[in-house]
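Single-letter residue listing:
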Amino acid sequence: MIDRLVAETLSRENISKTLLKLSRNLETLASKVDLILASQKRAIPVRAVDEKTVEKEIPSEALDVMTLLSLPDHLRKTAVTICKLGRATAADVAKETGRARAAESNYLNQLVTMKHIQRERKGKKVYFYLAK
Amino acid sequence: MRFVGKIVTIHSSRGGTGKSLISVNTAAVLANRGKNVCLLDLDFRAPTMYVVFKLSTEYWLNNFLDRDCEIENVLYDLTQRYDTKGKFFVGLADPSMLAIREMSMKDRKWEMKALQRLLSLRKLFEERKIDYIIFDTSPGIQYASVNAVVSSDTVVVVTTMDALDIQGTRSMIEDLYEAFGKKTGILLNKVLLPYSVPSLSPLTEVDRESLSKQLKETFGIPIFGTIPCYCDVLRTSRTVILAFQNPEHPFTKDIGKFVEVLEEA
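Quick mapping for you: the protein sequence lines, in order, are chains P and B.
Numbering follows my numbering, in which position 116 of the first sequence is assigned residue number 116; successive positions increment by one, without gaps.
Numbering follows my numbering, in which position 30 of the second sequence is assigned residue number 1030; successive positions increment by one, without gaps.
Take the hints with a grain of salt, since some may be wrong.
[What the hints assert, rightly or not] No more than 30 Å apart at the CA atoms, straight line, and that leaves these computed lysine-lysine pairs for DSSO-like:
id: 1; chain 1: P; residue 1: K122; chain 2: B; residue 2: K1123
id: 2; chain 1: P; residue 1: K84; chain 2: B; residue 2: K1190
id: 3; chain 1: B; residue 1: K1183; chain 2: P; residue 2: K21
id: 4; chain 1: B; residue 1: K1182; chain 2: P; residue 2: K32
id: 5; chain 1: P; residue 1: K17; chain 2: B; residue 2: K1213
id: 6; chain 1: B; residue 1: K1123; chain 2: B; residue 2: K1109
id: 7; chain 1: B; residue 1: K1123; chain 2: B; residue 2: K1257
id: 8; chain 1: B; residue 1: K1123; chain 2: P; residue 2: K95
id: 9; chain 1: B; residue 1: K1257; chain 2: P; residue 2: K21
id: 10; chain 1: B; residue 1: K1054; chain 2: P; residue 2: K32
id: 11; chain 1: B; residue 1: K1106; chain 2: B; residue 2: K1183
id: 12; chain 1: B; residue 1: K1257; chain 2: B; residue 2: K1213
id: 13; chain 1: B; residue 1: K1257; chain 2: P; residue 2: K95
id: 14; chain 1: B; residue 1: K1085; chain 2: B; residue 2: K1106
id: 15; chain 1: B; residue 1: K1253; chain 2: P; residue 2: K21
id: 16; chain 1: B; residue 1: K1253; chain 2: B; residue 2: K1213
id: 17; chain 1: B; residue 1: K1054; chain 2: B; residue 2: K1213
[As the list claims (entries may be wrong)] Cβ pair distances, simulated, as ranges:
id: 18; chain 1: P; residue 1: L29; chain 2: B; residue 2: E1209; range: 25 to 33 Å
id: 19; chain 1: B; residue 1: R1033; chain 2: P; residue 2: S11; range: 25 to 33 Å
id: 20; chain 1: B; residue 1: C1231; chain 2: P; residue 2: S23; range: 37 to 45 Å
id: 21; chain 1: B; residue 1: P1247; chain 2: P; residue 2: R4; range: 48 to 56 Å
id: 22; chain 1: P; residue 1: S23; chain 2: B; residue 2: A1163; range: 32 to 40 Å
[To be verified] Some, not all, of what chain P presents toward chain B, calculated at C-beta under 7 Å:
id: 23; residue: A62
id: 24; residue: L63
id: 25; residue: D64
id: 26; residue: V65
id: 27; residue: C83
Please keep in mind that the hints were generated in silico from the structure rather than gathered at the bench.
The beta carbon of each residue, even a glycine, is placed where N, CA and C say it ideally should be.
Okay, chain B solo, but in the shape it has when bound:
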């Protein structure tokens, strides 16, 4: 029987919505639940995963897209490090200034070939029995991000309650995700007053349902989850992966609920 996995792109219209944090913890929760996961950092303008996983490598995803190496050369197997039930692989973007500059200067033909390279990643489903490939992307309409959207099965748009974020998300739903006919859902992050003061009164299920209903009407697409603004999460170091180090934290639980929705999507 053919093995069927899912490629999920975590995207947003603007920066600072918490995409990388959500990507890492989503991958971690999935791996903890026994899924074979491959997390790829496609944020070539501002790579973060090398900091989160404290890794340095000979081959980066940049080299894979440049056809200098194969995906096997890029992937790190962190299954043992985090003792996950499923396999846990990560692929990093090159954080050097030279690489960031080079990536921003690629021409259209290169980007077309990069898209084909991303589309070829589906072979991992069969070859490594990967259940989920998760792309962490740059915000907005960047080549690498749109390539990721086109290559994926499901797009998760992370947005905050900021008016500009909401406006930008609405535009991208129409101009980008719908244009490519992608299954898309919203993940509302850093939800503030009047819906929650986490330390005083947690976001209730009623609040979440009411908020989801209003947003579903605004955006016209499903709401995959609602995550309150947890001050301690914002203060936590980037190198701390809550899903691994604090599975009981409310943030980890919220990611868990989101993962359940994602699996159904």
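Chain P on its own, in the form it takes in the complex:
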């Protein structure tokens, strides 16, 4: 019984797995396009006024679990870590994820651009946090 069940499930699964992969790739592409568009939109005001002021004015997008699921894998890991830590520097996040600080800094800034998290500079350190 289990052999037949497994065989049927596997054949159906192969098709849905391929479709799923395609869908994921499209989602990744879409998020990258969004990222480029968002950074282009932000480019003008950021140069014109104080960066800190601009960031505070950006309305935040809720970083709920369904949003987390829609993020590409590399950003999701960073976003979950920020959810866990609440407020952290790129070095704090890197310590949790085991990835390079520079990579985390890049991912965190992408999440800021996507308005999922916010950024604040305190002296030499830059803190990333979820919007209140």
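Starting from the structure of chain P, add chain B where the hints point.
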């Protein structure tokens, strides 16, 4: 030295797989073995723990997630009631229709804050020396369940041999558990013929190993345990906790074996 506990989410793709029964008995076995356990009912759509433990309370887990109270206000200490070796706490979901309706209408921002509340539960490891927090969840991809998955260290997916259950479990492994990089294992429950007729011929170790091997290949993740369909367990009242009231029952023994695997995971 920092105290390290473990958060375990008991989840499934569909309803009726036996999640709540397994959650309660797993918590009970752990507490009986001297572990400090905290069992939380995160099944806000169909709460059951208030029936199992015959409790009513001023504060529910709903209030904790709403930030109306702290987790200490929600937890019931049942250590003395069940005379467990370790501490045994439970936190209940509000079963009132109003609360169920309210929970289903929460927006994304609320769910984001609810996730942070669940993540904050790790403080219990230090504050109350809790070894295990066990989340009993709603089936499928519900906000509360996904929040539980994200907050946990290990996910146990309970499935039956039903084709839809297997299909759903496979999808969730790829779309949910792997997406969040969670340590995940399958607990196969209510195993029927040809693998067992419990009253006639018990599920042998050979059957279990063969079944586990096939399922491991199907799912691509470890099999944490195999529990046959015990007719008397299905007939037993919800208020009976076999791990406390019948430690010699084969179901309790199976949960015991599962707990050993879980501790190693």
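Going through the hints against the structure:
Proximity of P:K122 to B:K1123 is assessed by CA-CA distance (about 27 Å); at most 30 Å being required, the pair is judged to hold. Between P:K84 and B:K1190, the direct Cα distance comes to roughly 36 Å. Violation of the 30 Å bound is thereby established for this hinted pair. Only pairs whose Cα atoms come within 30 Å are accepted, and B:K1183 paired with P:K21 is accepted, the gap being roughly 22 Å. A C-alpha spacing of about 25 Å is found between B:K1182 and P:K32, which places the hinted pair at or below 30 Å, so the restraint holds.
Pair hint P:K17 plus B:K1213 holds up; C-alpha atoms about 22 Å apart against a cutoff of 30 Å. Between B:K1123 and B:K1109 the CA atoms are separated by roughly 23 Å; this keeps the pair inside 30 Å, and the hint holds. For the given pair, B:K1123 sits about 29 Å from B:K1257 by alpha-carbon distance, which is consistent with the 30 Å threshold. In summary, the hint linking B:K1123 to P:K95 is supported, as the alpha carbons are separated by about 20 Å, within the 30 Å threshold.
Distance check on the hinted pair: B:K1257 and P:K21 sit about 36 Å apart at the alpha-carbon level, beyond 30 Å; violated. This hinted pair does not check out: B:K1054 and P:K32 have alpha carbons roughly 52 Å apart, beyond 30 Å. In summary, the hint linking B:K1106 to B:K1183 is supported, as the alpha carbons are separated by about 28 Å, within the 30 Å threshold. Between the alpha carbons of B:K1257 and B:K1213 the distance comes to roughly 17 Å, so the proposed pair stays at or under 30 Å and holds.
For the given pair, B:K1257 sits about 35 Å from P:K95 by alpha-carbon distance, which is inconsistent with the 30 Å threshold. With a CA separation close to 39 Å, the supplied pair B:K1085 and B:K1106 exceeds the 30 Å bound. A C-alpha spacing of about 41 Å is found between B:K1253 and P:K21, which places the hinted pair above 30 Å, so the restraint is violated. Proposed proximity of B:K1253 and B:K1213 is supported: the alpha carbons are some 21 Å apart, at most 30 Å.
Distance hint between B:K1054 and B:K1213 is unfulfilled; the C-alpha atoms sit about 40 Å from each other, more than 30 Å. Judged by the Cβ atoms, the range 25 to 33 Å given for P:L29 and B:E1209 is violated: they are separated by roughly 44 Å. In this structure the supplied range 25 to 33 Å is violated for B:R1033 paired with P:S11, their Cβ-Cβ distance being about 43 Å. Separation of B:C1231 from P:S23 is about 43 Å and conforms to the stated range, judged on CB atoms against 37 to 45 Å.
Hint check: B:P1247 to P:R4, Cβ distance near 38 Å, so the stated range 48 to 56 Å is violated. A hinted range of 32 to 40 Å for the beta carbons of P:S23 and B:A1163 is inconsistent with their spacing of about 23 Å. The beta carbon of P:A62 comes within 4 Å of a beta carbon in chain B, closer than 7 Å, and the hint placing it at the interface holds. For the restraint placing P:L63 at the interface with chain B, the shortest Cβ-Cβ distance is roughly 6 Å, inside the 7 Å limit, so the hint holds.
This hint holds: P:D64 has a C-beta 4 Å from the nearest C-beta of chain B, less than the 7 Å allowed. Here the hint on P:V65 is kept, as its CB sits about 4 Å from the closest CB of chain B, short of 7 Å. This hint holds: P:C83 has a C-beta 6 Å from the nearest C-beta of chain B, less than the 7 Å allowed.
Violated hints, listed in ascending order, are 2, 9, 10, 13, 14, 15, 17, 18, 19, 21 and 22; each of the other numbered hints is respected by the structure.
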